[in-house]
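A.B. asks: Listed below, chain by chain, are the residues.
Protein chains: 2
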Amino acid sequence: MAAAASSSLLAAASSSSRAAAVSARRAPSASPAAAASLPSPSRASCAPPLRASAARTLRSRVVASAAPAMQPPPASRVSTVVDVDLGDRSYPIYIGAGLLDEPDLLQRHVHGKRVLVVTNTTVAPLYLEKVTWALTHNNPNVSVESVILPDGEKYKDMGTLMKVFDKAVESRLDRRCTFVALGGGVIGDMCGFAAAAFLRGVNFIQIPTTLMAQVDSSVGGKTGINHPLGKNLIGAFYQPQCVLIDTETLNTLPDRELASGIAEVVKYGLIRDAPFFEWQEKNMPALLAREPSALAYAIKRSCENKAEVVAQDEKESGLRATLNLGHTFGHAIETGTGYGAWLHGEAVAAGTVMAADMSHRLGWIDESIKKRAIDILEKAKLPITPPEAMTVEKFKSIMAVDKKVADGLLRLILLKGPLGTCVFTGDYDRNALDETLRAFCDC
Amino acid sequence: MAAAASSSLLAAASSSSRAAAVSARRAPSASPAAAASLPSPSRASCAPPLRASAARTLRSRVVASAAPAMQPPPASRVSTVVDVDLGDRSYPIYIGAGLLDEPDLLQRHVHGKRVLVVTNTTVAPLYLEKVTWALTHNNPNVSVESVILPDGEKYKDMGTLMKVFDKAVESRLDRRCTFVALGGGVIGDMCGFAAAAFLRGVNFIQIPTTLMAQVDSSVGGKTGINHPLGKNLIGAFYQPQCVLIDTETLNTLPDRELASGIAEVVKYGLIRDAPFFEWQEKNMPALLAREPSALAYAIKRSCENKAEVVAQDEKESGLRATLNLGHTFGHAIETGTGYGAWLHGEAVAAGTVMAADMSHRLGWIDESIKKRAIDILEKAKLPITPPEAMTVEKFKSIMAVDKKVADGLLRLILLKGPLGTCVFTGDYDRNALDETLRAFCDC
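Residue numbers (full-length UniProt numbering), protein chains in the order written: chain A, 1 to 443; chain B, 1 to 443.
It is worth saying that the hints were derived from the structure and are not from the lab.
Predicted model only: the values in this text are computed from it and were never measured.
All C-beta atoms, glycine included, are put in the ideal place defined by N, C-alpha and C.
Please note: incorrect hints may appear among the correct ones.
Said to hold, decoys possible - Mimicking EDC-like on lysine to aspartate or glutamate, the simulated pairs with C-alpha atoms at most 16 Å apart in a straight line are:
id, chain 1, residue 1, chain 2, residue 2
1, A, Lys163, B, Asp157
2, B, Lys370, B, Glu278
3, A, Lys394, A, Asp442
4, B, Lys113, A, Asp407
5, A, Lys394, A, Glu435
6, A, Lys396, A, Glu435
7, A, Lys396, B, Glu170
8, A, Lys416, A, Glu367
9, B, Lys381, B, Glu281
10, B, Lys315, A, Asp88
11, A, Lys315, B, Asp88
12, A, Lys370, A, Glu278
13, B, Lys416, B, Asp427
14, B, Lys163, A, Asp157
15, A, Lys379, A, Glu278
16, A, Lys130, A, Glu248
17, A, Lys113, B, Asp407
18, B, Lys396, A, Glu170
19, A, Lys416, A, Asp427
20, B, Lys394, B, Asp442
21, A, Lys416, A, Asp429
22, B, Lys396, B, Asp442
23, A, Lys381, A, Asp255
24, B, Lys416, B, Glu367
Said to hold, decoys possible - Simulated coverage check for chain A against chain B, where a stretch passes if three residues somewhere in it have a Cβ under 8 Å from a Cβ of chain B:
id, stretch
25, 196-207
26, 405-419
Produce the complete structure using the sequences and hints provided.
C.D. replies: What follows is the structure, encoded as C-alpha cells:
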C-alpha cells in the first residue's frame with residue numbers, strides 16, 4: 001500500500017516532458033557574441049521529428065500568451081529570453097552580458113513607486129549601486145531602499161528574514177512595492193519568501209549573481225528558509241515578475257562558487273538532457289575558464305530545462321521533484337555539517353554520486369553512466385564523497401524530514417535507463433540505500 | 001494622480017455584489033432546531049426579482065461544482081452548509097450544534113495519515129480531547145500530534161509561530177499531513193500561515209471556537225502574524241479544506257469574547273446587508289442571551305456575506321477590502337495599546353464608530369445611520385470610543401503602515417448612501433479624517 005501510494009514517475013514521464021514547451025527564443029536584436037559559435041547539440045538537432053513538432057506548437061503558444069510584456073527593447077543586450085509558462089503567473093528570464101546597463105529592462109517589471117533591494121554584504125559593494133542606478137535612471141518617481149544581510153547559507157533563517165520585514169515595515173512599504181533579490185540562491189530564496197509573506201504578497205524580481213542562482217534557484221518560484229533541523233522546510237511557491245541574468249556578474253564570482261553552480265548544470269544533463277550532458281563533457285574546461293559563450297549556453301540550456309519542468313508541475317506534485325537529483329543526500333550533508341560548511345552545489349555533487357551509486361546497485365543504470373557522472377563532477381573540481389562527519393545514522397535521521405517523504409516513505413530521484421532519464425520513486429529496495437550509505441560513510 | 005490611482009469602489013459595486021453567489025444551502029437532513037423559527041428578513045424575501053434570479057443561477061453553479069465532497073452524512077447535525085466558491089480552492093463551511101460529535105464530517109477532509117492540531121492553553125482543556133477523538137474514531141490509520149500555544153493576540157508573533165514549525169519538524173510531518181486550527185482568530189491565523197509555509201504548503205482545517213472566528217476570521221483564507229509595528233503584516237492567502245463550526249463551542253465563550261464577535265456581525269449589516277442589520281437591531285438581546293437560533297442565524301448570515309465577497313475578490317484587489325470597515329482605526333488601537341489589551345472586536349467597534357463619524361462629516365451618510373451604528377454597538381456592550389492612550393499622532397503613524405495604503409495614500413472603508421452601502425476609497429477630504437481623529441482623541 002505504502003509503496004503504491006508513492007507514485008513513481010517512470011523514465012517515460014520525464015522523457016516525454018522533453019517535447020513540451022521549448023520556450024527559449026533569440027531576442028530580435030540579440031548580440032551574436034554570447035551564444036553564436038556554439039557546439040552542435042541543440043534541442044532541434046537531436047529530437048526526433050515528432051518531438052520537434054510538438055515543441056514548435058508549444059513554443060508558439062508560450063510566445064503568444066506572454067509576448068507583449070517580454071520583448072526586449074530594440075538594440076538590447078539580451079541574447080536569449082526563456083519564458084516560464086505559468087498562465088497568469090508567466091514571466092521571462094532575460095539572459096545576456098551587460099543587462100544591468102539597461103534600465104528599461106528592469107524598470108518595466110517594477111510595480112509601484114517603491115523598491116526594496118535585498119542583498120548581502122558581499123554583493124552590495126559590487127552591484128548595489130549599479131542596480132539602484134538601473135532602477136532609477138530617467139525614472140524619478142521610483143525610490144529605492146535596501147537591506148544588506150550577512151552572507152551565507154547559515155543566515156538563511158527566520159531571524160535574518162525578520163530583518164527584511166523590519167526594513168519593509170519601517171520604510172512604510174505598501175502592497176504596490178517591489179522587492180528585488182540581488183545575489184545568490186540564499187538571497188533569492190529569502191527575498192522571495194519575504195515578498196510572498198509581506199502584506200500577504202508583493203511583487204518581486206530576481207537578479208541572480210551566482211551561477212547556482214542563474215541556472216537553478218532563481219527560476220521556478222521556490223522560496224524559503226531553513227529550519228535548524230532541515231533545509232528549506234519553511235517557505236512558499238511564489239513566482240517573480242522576471243529573472244534578469246547579467247552574465248557579466250559572474251566575473252566577480254569565486255571559483256568555488258562557480259563550481260558549485262556547475263553541479264546543477266550537470267544535474268539537468270543527467271536527469272533529462274543527454275545531449276547537454278555530452279556537451280558538458282566536451283566543454284567543462286571552457287566553463288571552468290569562464291569562456292563567455294560556454295557559460296551563456298550552459299545558463300540558457302539550464303534555464304530552458306528548468307522552465308520546461310516548472311511549466312508542467314509548478315508545485316512539485318511529481319515531475320518537478322526530479323530536479324532534486326542528489327539533493328536529498330545533499331541537503332542531509334548541508335544540515336548535518338552545519339549550513340554553510342559546504343556550498344549547496346558541493347553537497348549536491350556528492351549527493352549526485354551517491355544517487356548514481358544507488359541507481360547502479362539497483363541495476364537501473366550501467367556502470368558507464370555512474371562513471372561518467374563521477375568523472376564530470378571531478379572535472380568540475382567538485383567533491384564526489386560526503387564529508388567524514390556524515391555517518392549512516394546522521395544521513396538517515398536527517399533524510400527522514402525531507403520534503404519528499406510522503407506518509408513516512410522516503411522518495412528519491414534515481415537514474416534509470418539510458419543517459420538522461422530518471423525516476424522519482426519510493427519503490428526501491430531499501431537494502432540498496434543502506435549499501436550506498438555504508439559505502440560512502442566510515443560508520 | 002495619486003487619488004486617481006486609488007480606485008474607489010462606489011457603493012454600486014458593493015451593492016451589486018449582493019446578487020452574486022448566495023451559496024448557503026440547508027443540509028438535506030438538517031436539524032430544524034438551529035435555524036427554524038427565525039425572524040423574517042432572509043435574502044430571498046428582501047431582494048428584488050432580478051437579484052433573486054441571479055442568485056439562484058449562481059447557487060446552482062456553486063453546488064454543482066463542489067457538491068460531491070460537501071454533502072454532510074445522512075442524519076447529520078449540520079444545519080447549514082455555506083460554500084466558498086474559489087474554483088479548485090472551493091470549500092464548505094459546516095454550521096450546526098454538536099458537529100464535533102460527528103467524526104465523519106472532519107475525517108473526510110483530512111489528507112494523509114498525520115494530523116497536527118494547533119490550539120492554545122485556554123481551548124485545549126475544553127476541546128482538544130474531543131477533537132482528537134473525532135479525528136481518530138474508527139480511523140486507526142490517523143495519528144494526531146498537538147501543539148498548545150499561549151493564549152492571546154500578543155503571542156501572534158514569529159516566535160510563537162516557530163513553535164508550530166518546531167513541533168511539525170520534530171514530529172517528522174510530511175507534505176501529506178493536515179494542520180487543524182482549534183481556537184479563535186489568533187490560532188486560526190497562525191495555524192493557517194504555518195500550514196501555508198510548512199514544506200511550502202500542507203492541508204489545513206479550521207475549527208473556530210469563538211464567535212469572532214466563526215463569523216469572520218476562519219473564512220476566506222487570510223492568515224498571518226503581527227509585526228511589532230503593525231497588525232497582520234506578515235502572512236499568506238491560504239484556503240482551508242473546510243471550516244467546521246460547532247455552535248456548541250460558544251457555550252464556553254466568555255461574554256467579552258462573545259461581544260467582540262458581534263462587532264463583526266454588525267459590520268456585515270453596515271457595509272452590505274441592511275436587512276441583516278435591521279434583524280440585529282431587533283435581536284441583539286437574544287444574541288447576548290446566547291439563544292441558539294439567534295446565534296445560528298447570525299453565524300450563517302455572516303458566513304454567507306463573507307463567502308460572497310471572498311468568492312468575488314479572494315486576494316483583496318478591491319471589494320474584499322470593504323470587510324475592513326472600522327479595521328484601520330481598530331488595528332491602530334490594537335497596535336498602539338499593545339496587542340491583547342483590547343480584543344479585536346472591541347477595537348473594531350470603536351473603529352466602526354470613527355468610520356461612521358467620518359462618513360457623516362463627509363456628508364456621505366445621514367446622521368440617523370451613524371446613530372444606529374453607535375446604538376447597536378452600545379447595545380452589544382462594545383466600546384464606542386478609542387482608549388485614552390490613543391492620540392491623533394499615534395493613530396496617524398500606525399495607520400501609515402496599514403496594508404490598504406497604496407503608493408503612500410491611505411484608503412479607507414467608509415459608509416456612503418443608504419444603510420448597507422459603503423465605499424473603499426482614498427478619494428476623501430483629509431480634513432474630515434483630521435476632524436474625526438481630533439473628536440475622538442484628547443490630544
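A.B. asks: Checking against the hints above, which ones are violated?
C.D. replies: Failing hints: none at all.
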